[in-house]
Amino acid sequence: EVKLVESGGGLVQVGGSLRLSCAASGFTFSDYEMNWVRQAPGKGLEWVSYISKSTRGTSIYYADSVKGRFTISRDNAKNSVYLQMNSLRAEDTAVYYCARDQSGSYYYVFDYWGQGTLVTVSS
Amino acid sequence: SSELTQDPAVSVALGQTVTITCQGDTLTTYSASWYQQRPGQAPILVMYANNIRPSGIPDRFSGSRSGNTASLTITGTQADDESDYYCCSRDSTVSRLGVFGGGTKLTVL
Numbered sequence: 001e002v003k004l005v006e007s008g009g010g011l012v013q014v015g016g017s018l019r020l021s022c023a024a025s026g027f028t029f030s031d032y033e034m035n036w037v038r039q040a041p042g043k044g045l046e047w048v049s050y051i052s053k054s055t056r057g058t059s060i061y062y063a064d065s066v067k068g069r070f071t072i073s074r075d076n077a078k079n080s081v082y083l084q085m086n087s088l089r090a091e092d093t094a095v096y097y098c099a100r101d102q103s104g105s106y107y108y109v110f111d112y113w114g115q116g117t118l119v120t121v122s123s
Numbered sequence: 001s002s003e004l005t006q007d008p009a010v011s012v013a014l015g016q017t018v019t020i021t022c023q024g025d026t027l028t029t030y031s032a033s034w035y036q037q038r039p040g041q042a043p044i045l046v047m048y049a050n051n052i053r054p055s056g057i058p059d060r061f062s063g064s065r066s067g068n069t070a071s072l073t074i075t076g077t078q079a080d081d082e083s084d085y086y087c088c089s090r091d092s093t094v095s096r097l098g099v100f101g102g103g104t105k106l107t108v109l
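Going down the list, the sequences are from chains A and B.
Heads up: the first sequence runs through residues 1 to 123, numbered per my numbering.
Heads up: the second sequence runs through residues 1 to 109, numbered per my numbering.
Simulated from the structure, these hints should not be mistaken for lab results.
Treat the hints with care, since some could be wrong.
Partner residues aside, some chain A positions facing chain B, computed with beta carbon under 10 Å [as the list claims (entries may be wrong)]:
#1 V37
#2 Y50
#3 K53
#4 A63
#5 A99
#6 W113
Bear in mind the structure is a predicted one, so any value in this text is a computation, not a measurement.
Virtual Cβ for every residue (Gly too), placed ideally from N, Cα, C.
Make the full structure from the sequences, and use the hints.
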C-alpha cells in the first residue's frame, strides 16, 4: 500500500523557519518524482515545488511565491522528501501535502497524497 | 505564469448529470488532471490526461477537452460526490511548474 506521511508542521513566527518531512512507503521511492502542494485555510490548492527522481543531477522547480525561501530535497536511502522553509510569511500558513508524481509529457498528475501537515505562521 | 479558471460553485440534483469546467490557455498544449477533495481530507485523483480514469474511480466520472477548456462530467451524481473539485495542468511557459484551478464546490441537491 502506498503511504505518504508528512511531519514537521507547527506554529512559527514570521521570519522563522521550519523543515517539513514526507516519509514514503509501499513503492520504490527512487523511481518517482515528488512534489509539495499547499492549501491555505479555506482556499484552493497551490503547487509549491517539484524534485526529480535522482539526487545526482537533480531537477528542481519552485512556485514564484516561494522561490528563494523554500528548498526541496530528497534522500532516496531514507525514502523521504523534505521542504526547508525559511523567511516564513503569514501567507505561507497552509496545510502542506507531499504528492507522488506520475506525470506524463503532456500532463501533470499527483496520484498519491499524504494527509498533510499544518504550518501556521504567526505575527 | 499560467492560470486555470473554474466556476466557484455548481449544483446538481441527485441522480442527474453535471459538468465541471476548467479554462486556460495552457490546456491547448497540456492536458488536465482532476482531483476530488472532501472537507478535511487530502485530494484524490479522479481523472488525468483529460479522460483517463484511475483504477477505483467509478465510471460515472468522465473527462474531455475542447480547445482551452477541460471538463469533468459526473453521470448519475450521488450524494457522496459532493466535494470540491480541482483541475491541474502544466504551466505553458515552464512546463515543470504546476498550476491548479481555483476549485469548484459541487453541491448535490
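Hint by hint, here is what the structure shows:
With a cut of 10 Å, the hint placing V37/A at the interface with chain B holds, because the nearest CB-to-CB distance is about 8 Å. This hint holds: Y50/A has a C-beta 6 Å from the nearest C-beta of chain B, less than the 10 Å allowed. Given hint, K53/A at the interface with chain B, is violated; its Cβ is 13 Å from that chain's nearest Cβ, farther than 10 Å. Taken as an interface hint, A63/A checks out: its beta carbon lies about 7 Å from the nearest beta carbon of chain B, inside 10 Å.
For A99/A, the interface hint holds, the least distance from its beta-carbon to any beta-carbon of chain B being 8 Å, beneath 10 Å. The interface hint given for W113/A holds, since its Cβ lies 4 Å from the closest Cβ of chain B, which is under the 10 Å cut-off.
Comparing the model with each numbered hint stated earlier shows that hint 3 is the single one that does not hold.
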